[in-house]
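2 protein chains.
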Amino acid sequence: MNKVKWGIVGPGIIAHEFAHDFAFARYGELYAVASRSQERANQFAQKYDIPKAYGSYQELYNDPEVEAIYVATPHTFHFENSRDALQAGKAVLCEKPLVVHPKECRKLIEIATQTGNYLVEGMWTYFLPAIKRAQQWVAEDRIGKILHIKADFGYPIPFKPEGRMYNPDLAGGAMHDLGVYTIAAAWLFYQQDPLQMTIVSRNASTGVEDDVTMLFEYENAAASLCTSFRCKLHNYLYIIGERGYIEVPDFWRARESFLYEMETPVEHYIDDRKGFGFEHEIDAVSRDIATDQLESSVVPLATSLKVQEHLHRVLSYKRQPTTPLQQTN
Amino acid sequence: MNKVKWGIVGPGIIAHEFAHDFAFARYGELYAVASRSQERANQFAQKYDIPKAYGSYQELYNDPEVEAIYVATPHTFHFENSRDALQAGKAVLCEKPLVVHPKECRKLIEIATQTGNYLVEGMWTYFLPAIKRAQQWVAEDRIGKILHIKADFGYPIPFKPEGRMYNPDLAGGAMHDLGVYTIAAAWLFYQQDPLQMTIVSRNASTGVEDDVTMLFEYENAAASLCTSFRCKLHNYLYIIGERGYIEVPDFWRARESFLYEMETPVEHYIDDRKGFGFEHEIDAVSRDIATDQLESSVVPLATSLKVQEHLHRVLSYKRQPTTPLQQTN
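Protein chains in written order, with this note's numbering: chain A, 1 to 329; chain B, 1 to 329.
So here's chain A without its partners, still in its complex pose:
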């Protein structure tokens, strides 16, 4: 197949890693980049040897050569940018979180359906071979029925009230940036809505949550998830079944996974990635587009909506009024 021609909207940090990984992709090539500043677009294009650099997003959307758009702007612009690209007839890969509210998610899915264009959330973790191997172990019934899912993702993020991470107007907070991976991991391996959620959450002085501990109860399992801007957590994923468990170090960017029977690792998978790992996402999405798929089987739109709904429930969780803990006399 011919390589799919990609354009990037928003040349920020994540776009740099994404652009870097085209060197290792087989089915996609980087053809254009757009920034609201022509100068930033030029610099980015020069760094990654990109043929076209646009000083406005609309110019990129209008370029008939561009088949796929990667939206890498801040969260609060995802809806608008994805919508505009879809309406211009492009396939869209939008960085996670797809949007910042389930309402926006439903609307965007509607637009993708109406325009007949491909849309996928850049939940790149789902595309990583180490995660797929973990899914395969589960599908092969290697660990038995899943009883527990545990996922933590926390890094200390220096407090800058005006920066994106701590700014409520830019959908800052630990859940949208880091916690979303833990929710996506729980969904990927359990595929159920929690019956109950309990949340312990702390806020930074700007009002965004910067430390969240979650307990999700399912019919026959529980998920313990945690995310933080305040501290480094042990950022592993555990999928624990009746007969064994799977351990995925740094699961959000997973490079390897371990299958355990009791104390013993019985299988260890390690991937042969050459880039940051985005090449897997680029290739899977490029193949979808080249073969006229309308959505990704790896990150279906229904999954993105579930993740948005769970995220929203966590963020809007209010503890029930409780009586004080009773004396145990």
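It is possible that part of the hints are untrue.
It does not matter which identical chain is used: a pair holds within one copy or between any two.
[Said to hold, decoys possible] 30 angstroms max Cα-Cα, derived DSBU-like pairs, lysine-lysine:
1) Lys160 / Lys145
2) Lys3 / Lys318
3) Lys47 / Lys132
4) Lys3 / Lys145
5) Lys306 / Lys318
6) Lys5 / Lys107
7) Lys145 / Lys107
8) Lys5 / Lys318
By construction, these hints were calculated from the structure, which means they are not laboratory data.
Got chain A; can you put chain B on it based on the hints?
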């Protein structure tokens, strides 16, 4: 100092490990054992070269040579055996959990006080050098303010309805056998009553809990704890602070601990134990007794009461009536 002379009540599995470790203890010697069966007492005494073997507990309590009693009977006999030993004027080390209800705990503390005898719960984890090293790192402010405590302890235990582990009449269930360690770990490092507890619990057909996920909320921290008879968990303890975290593999029998700054282990402690690890408990308690202490500074009676209270709260947790999760339209 002369070695303190010990007697064991109840020659079960745990008593075997305990007896084995006297070979590595400096301050205690094993002098007597008692079982309700003279034959079992004789066999046990022969195996560990113990001078006295009694076919009743009372004979052991009556032996004036015995200074310290180790109570290793099933949980539901702990109160009675410890009480009788205290009333016979002996120092008592009772296997964990000390008792099976906070009421019993208060009563036993009262009896120890009234009789003026030493009483300590065999929370042997607290005596292990790797745990003490972790406490030292916290005391030295190496990890900053504690934000999260995570502890899991789960092993698949074959279902035998009449056996001790699954029998409600013998205080079976995962919390008394395994979960107690996770609660004790949270208390040891945070020393606070939870403001709120949320519990997800499953029961075996005998009615005892066999899989429990706990979320404890504190003023400025959270604890995520888990225990199970249904599956092997990743049985680690994490104490996570603002500036680093401590990892303790298989913390209940901890042999080593790691201090992390971000991804990097900056210190690694490994102990030089020769036995199962009970020698540390035997020696600490023997020294207390030889120096006429009335309780252990490592496991104070107030700590045992706290653990009992938290255990009781977990076991009697009833979820507040909740409204169904709301649609997020």
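Against the structure, the hints:
1. In this assembly of identical chains, Lys160 and Lys145 lie within 30 angstroms of each other by CA distance solely across copies; the values are 21 angstroms between and 44 angstroms within a copy.
2. In the homo-oligomer, the alpha carbons of Lys3 and Lys318 never lie at most 30 angstroms apart, since the shortest distance is 49 angstroms inside one protomer and 58 angstroms across protomers.
3. In this homomeric assembly, Lys47 and Lys132 never come within 30 angstroms of each other (Cα to Cα): the closest approach is 32 angstroms inside a single copy and 52 angstroms across copies.
4. For a Cα distance limit of 30 angstroms, the shortest separation of Lys3 from Lys145 qualifies neither inside one copy, at 41 angstroms, nor across copies, at 52 angstroms.
5. Taking identical chains as interchangeable, the C-alpha atoms of Lys306 and Lys318 lie at most 30 angstroms apart whether they share a chain (20 angstroms) or sit on different chains (28 angstroms).
6. For a Cα distance limit of 30 angstroms, the shortest separation of Lys5 from Lys107 inside one copy, 26 angstroms, qualifies, whereas the shortest one across copies, 77 angstroms, does not.
7. Proximity of Lys145 to Lys107 under the C-alpha cut-off of 30 angstroms is found in neither arrangement, the shortest distances being 36 angstroms within a copy and 43 angstroms between copies.
8. Proximity of Lys5 to Lys318 under the C-alpha cut-off of 30 angstroms is found in neither arrangement, the shortest distances being 46 angstroms within a copy and 57 angstroms between copies.
Of the numbered hints given earlier, the model fails hints 2, 3, 4, 7, 8; all others are met.
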